[in-house]
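Colleague: Chains as they are written, first to last, in the working numbering: chain B, 1 to 175; chain D, 1 to 603; chain X, 1 to 583.
For the record, the hints were derived by calculation from the structure and aren't laboratory data.
Keep in mind that the hints are not guaranteed to be accurate.
[Stated by the list, open to error] EDC-like cross-link-like pairs, simulated, lysine to aspartate or glutamate; straight-line CA separation at most 16 Å: (1) X:3 x X:21; (2) X:123 x D:523; (3) X:122 x D:529; (4) D:536 x X:187; (5) X:582 x B:111; (6) X:51 x X:40; (7) B:68 x B:30; (8) B:44 x X:187; (9) B:15 x B:48; (10) B:20 x D:529.
[Unchecked claim] Part of the chain X face toward chain D, derived, beta carbon under 8 Å: (11) 26; (12) 52; (13) 63; (14) 83; (15) 90; (16) 555.
Cβ atoms here follow ideal geometry from the backbone N, Cα and C, with glycine treated the same way.
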Amino acid sequence: MAEDESLEITRKAVKKWKDKRGSLIMALHEIQGMYGYIPWEHAKVVAEEMGVALARIYEVLTFYNFFKLESPGKYIISLCDGTACHIKGSSSVLQAFSDALKIKAGETTPDKLFHLQVVRCLGCCGLAPVVVVNGKTYGRVSPADVPAIIQEWREKEAGVQESKDNQKQTEQGAA
Amino acid sequence: MVENSDELNEKLKKVYEQQRQNLVKMKEEFLQKKDSYEAAIYTCNSTGCNSGGAGNVIDAFRHSLEIYGLQDRVRMVSTGCMGLCANGPLARIEIKGQKPFLYKHVDDMLARLIVAEHLVPALMLKKGETFEVNSFLKEKELSLELPFFTKQRKVVLESLGHSDPEDFGEYLANGGYQAFLKVIDTMTPEQVRKVIADSGLRGRGGGGFPTAKKWELLAASAPVDGEKFIICNGDEGDPGAYMDACILGGGSHAVLEGMMIAAYATGATHGWFYVRAEYPLAIQRVELALKQAKKYGLLGKNILGSGFSFMADLRYGAGAFVCGEETALMESLEGKRGTPHPRPPYPTEKGLFGKPSAINNVETLANVPVIIRKGAAFFNSVGTETSKGTKVFALTGKVKHSGLVEVPMGTTVEEIVNEIGGGTSSGKPFKAVQTGGPSGGVIPSQMLHMPICYEELKKIGSMMGSGGMIVMDQDDSMVEIAKFYLSFTVDESCGKCAPCRIGGYQMLQLMNKIAAGKGNQEDVDELVEIGEVMKKASLCALGQTAPNPVLSTLRFFREEYEALLNKIPEEESKKDDLPLVSPPRRECLPTGCQDCSACKTGK
Amino acid sequence: MVKLKIDHIDVEVEAGTSILDAAKKVQVDIPTLCYHPDLEPTAACGLCIVKVNGRMVRSCCTPVAEGMEVLTRDPEIVNERRTVLKLILSRHPNECLTCLKNENCELRKKASDFGFRQDNFKKIALSHDEAPLDTSTRTIVLDPRKCILCGRCVQVCQNVQDVWALCFLNRGMKNHIAVAGNIPLDESPCIKCGQCVAHCPTGALTEYDDTGRVWRALMDPDKYCVVQIAPAVRVAIGEAFGKKPGELGTKKLYSALRRLGFKAVFDTNFGADVTIMEEGSELVQRLKEGKGKLPMITSCCPAWVDYMQKYYPDMIEHFSTCKSPHEIVGVLTKTYYAEKMGINPEKIMVVSVMPCTAKKYEIRRNETMFSSGWQDVDVSLTTREISRMIKQAGIEFDKLADEEADSPLGDYSGAGTIFGYSGGVMEAALRTAHYLITGQEMKDLDILPIRGIDKGIKEMQIDLAGKTLKVAVAHGTGNVNKLLTVVREAMEKGEEPPYHFIEVMACPGGCVGGGGQPVGVTDEVRRLRTQGLVEDDHRSEQRESHLNPDVQKLYDEFLEKPLSEKAHHYLHTIYNAVPVYKR
Ligand SMILES: Cc1cc2nc3c(=O)[nH]c(=O)nc-3n(C[C@H](O)[C@H](O)[C@H](O)COP(=O)(O)O)c2cc1C
Ligand code: SF4
Ligand code: SF4
Ligand code: SF4
Ligand code: SF4
Ligand code: SF4
Ligand code: SF4
Ligand code: SF4
Ligand code: FES
Ligand code: FES
Ligand code: FES
């Protein structure tokens, strides 16, 4: 997507919230929802449109765990380390992910495919330990399950690539 | 004034009349429809079961019903949390005239089987015949006679496992908005506050502040620019607690109704739901409730012609535990960093956007419609002298029946853990439960008979908190648990005030040192010294309570700390000490040498 | 009024007073670190804890209540304060010996009051400590390692100055003071006003130290060092040598500077008089000939110039094009004076002693600051830096004999000296404008409604030969928004401008409260320093710029007349829009 175009989209998204009260965080949610993180240029657009100082935006962005300033990668692995999950051994699951992906919590794999993050309580403690990958929840995860989970998403990615390739081929074929 | 205001009034009156009739109609339509079914499948569609695959289960049920042509005879209901999340996905079969039957760990295969082997034959029964499920299905039964179900007393959670939270008609049919209508039609705000005062309801968000008192304060504050706010605190950042998530997800209308009553009782003009962003289901349900309420005229100007106007909005958090604290929450709603600020001024004088505001917890608000509907006596007849009503807990950790439970205040730890919870999941001896999350403390096994209420918990250095209850068995290290909570609060400290920011970090360093076997007696003394000062000198309750897990485990399990001391000799332990504050870094200034002599010393 | 007991002594104070302030009435100075009387209490440090009816509260932000019983001291409270301080020190480098703020660092003072004999808790190192000093602006230096997160600078920068350069990033232990996106200050909206430095209790924010360069020049036999002192310096310089704020130190300072080795000692007040000649004439031109936009706005404050260039680029045509006084003295030294004395201007080093950090930036602001052919002012020092140099040289400031400044750029009128307080430029300009328009001297030269710090925006109308001149004065950039919005709206509607002349000073109180002045400024101090300048004005033989004989001589011998072509070349400047963020 061209830079200007995406900035326009951001501008529009922010406009929706502009006149509502207490909506800075909502607008930021919306932008992160679109890009997975909040780039500098987009933060500037928010500042402009909402009439708040950029300093305020960054104060907020860096205060809340939820917001990211850098692209986190395609598949976000959120591992719960809330109390229930902790007691049921989430640390060893984290270790397993770390080992398998060779990254630490809060990091992204060099190929930008996986981002590993620790979150606190996803609200399904009954299933502890809990892992969520791009919205899909895995309950009662043990370190042994980790390779399968990663594999599942790698396959998904391969599928995406393949269909993209196919599409390309058909496009080329058509042309 | 409009000229023909009489005419207009007449018209409006008709509109309001129509709106009221609509509500009655919705309710009746629902009841009629419900009555037309012979049976129902209730599938839990709350976060826990959903992540276990409840979505597929529901699809499978639907599909099977169609195959057997039962879709018009069996009602499918996606419910809120049924409570025993650890055994999810759960599905309950209710057939008219037969005992309800609960299945655990349902997957799509089992769902098809249930339709084929349970529903189909059971629906074909002739008068007088009885039906027994086969042995395979029997194995999947979760007995409704379990103490987990029978020992609870569900008030707030009552409808959660029994109704579809998205069905507005069903909420109305279960008595929904009756309390609100009663209040706006027949009661003065004073009367409402009186009922709440009589009920003895106290805040369920942690502090246990009497709700009526808070409302009195807000009612007494003059509106600023014509506005006063009521805020629903759905931040629930306590790790291991998810009561509010389920209450909002499964009963958002009840919370909204509670908020509307609170608004009427206090003169609030606008409401705000502040919900944790990590709770998509809760967010979705609150959004829906707001939409439905608006659509049916329950929110807006001059609601149903009562003269009472109220609107409400939804905002998300963004991952900060401290935003559960009232003043931080308001900062966050204003689009700022969630840093607490000193009180006074109290929110009820100068709150959100500088306007008087009262903040109530989700569960607190959910109790309100019930109290209004059933009366103060219904509520205050349950509980202890000073803690009335029931309390919802998220019972987790090493407990057999992990899930959401609701019990009368004053229920003992023993009853909750051993009876309702069915003892430890490992079968090993029970060691302690932690209440109050990162702000709370432990209740050791020797205090099993302690009744759970605000005062008792405070006495032993813990607190009610929002209702997390973590069970630990013999294998769990208390030092580890305390360290875990401390690392949580250190992560979540807003970092504004020195005692909490630095004190918490120092305590955590000491805990790490002790846990690694490098600690000594002085370190333990230092822990206490810092902890005691944090309690007094921190600005907000996060810092004031952050040392609780350490101090409380030190009180009851000191021997576990002592066993870890001096395990590794001092010289050895010094090796991997952290460096001191990093050396100063000077730069040769562009205007020339500043005589810092860094170039000479090579630093 | 509220009655309460503090340490068992009865006190009566106004409702709304904090316990902290009430305690001062019974001679109790409760220790504080984050509190500053200019600002809203943030309640960050936790040092000011007292007991109210047995409960611990922060005294800086807790208002008194009827019947309160406050205890400011008991073993528990003292112990609490000690531990909090120990915690703060555990996150702070022990670098007092080499710290620019050491003499008046509030943290160091507290540490010495409490008499610690060693580090008690283990020192904490964090990754963001590794960030290098931010020296990018060359005016102020940010060393986040020394920051105690009191929040004063953030409040000043955001709320008082409305600049929003500094902010807090991250939270918990990672919370630190920075610029949005962790970029260097120079790429931020910072206007270099130095108010953050003036309010920072520690060495985390300091001026950019230029004394090394000045020392080297002074020691260099090839250099001809010339110095000038700004109006507001004279009423603050004594503070470093035990004098009260507001005490005039002009003549002792001349003497000290000469002893430091400066070959000529000039006074920026002379430049101020010239500024008035030019600016006054410019105003008359705009009023009478309609040449240039109205309202005209003063431009002698570089922080304000930077602010306008960033936040109101559409309004820079309203600026007076006249340079600030020290730049005028600078360029005249390297032209007029050099010619007169037959010195090669290349060898001249002009040092300005200013109450100001922004002047360090101004001296290189654009090419017009090099109009002599060289950099007109080579170094700008703050009051604090010159105090240090005097101390280093071992000069006993308070025992020095009075001396006079050098001619021809040293004599000044009372109008020149009042540039240092808010409203002073306007006062001085009106005195001369009155003469230029009516041909008569003003009767009462004290124009009180626009003087002083009681209001952020001061307005008045003044009658000049039958025409009403509407003027406004703002100090603290946080106050200009309101003023300029009114102007802008009128312009957009094509209405008569609401004012003809506006004075803006970036620092609250004007230069007397400048970012380069001795730290610890409060309204009390601002008032005393203002009073000192008022006295200097009253004491002056001439109190109007156009009556300064040396100024008249300057025009006769060199510049011809105000706004002449030569005057334009040397004494006037241009402005450019600047993006708020460079990136
Ligand atoms: C650090 C911290 C976190 C809190 N988190 C929550 C929360 O998640 N939900 C909540 O209802 N109250 C929370 N509280 C308590 C609230 O500040 C407040 O007391 C409560 O919402 C008031 O509602 P109630 O009177 O109905 O309990 C928290 C308090 C602190 C200090
Ligand atoms: S106690 Fe902790 S969370 Fe609360 S204001 Fe202080 S630093 Fe922030
Ligand atoms: S002493 Fe060396 S390192 Fe320090 S400023 Fe001078 S040249 Fe640079
Ligand atoms: S800031 Fe203060 S305490 Fe810190 S090194 Fe400098 S003088 Fe010492
Ligand atoms: S005060 Fe003490 S530590 Fe400091 S320089 Fe003197 S002797 Fe050294
Ligand atoms: S110098 Fe002024 S503008 Fe720059 S950071 Fe400091 S207070 Fe803000
Ligand atoms: S830089 Fe100074 S004023 Fe700013 S927060 Fe840190 S210590 Fe306080
Ligand atoms: S008011 Fe004075 S001290 Fe402050 S920035 Fe302007 S010129 Fe400098
Ligand atoms: S603790 Fe992991 S989901 Fe609640
Ligand atoms: S989520 Fe299904 S029982 Fe709790
Ligand atoms: S001075 Fe009161 S908390 Fe810092």
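Colleague: Each hint should be assessed against the structure and marked as holding or not.
Modeller: Results for each hint:
no.	hint	in the structure
1	X:3 x X:21	holds, 14 Å
2	X:123 x D:523	holds, 14 Å
3	X:122 x D:529	holds, 14 Å
4	D:536 x X:187	violated, 41 Å
5	X:582 x B:111	violated, 31 Å
6	X:51 x X:40	violated, 21 Å
7	B:68 x B:30	holds, 13 Å
8	B:44 x X:187	holds, 14 Å
9	B:15 x B:48	holds, 10 Å
10	B:20 x D:529	violated, 47 Å
11	26	violated, 23 Å
12	52	violated, 12 Å
13	63	holds, 7 Å
14	83	holds, 4 Å
15	90	holds, 6 Å
16	555	violated, 35 Å
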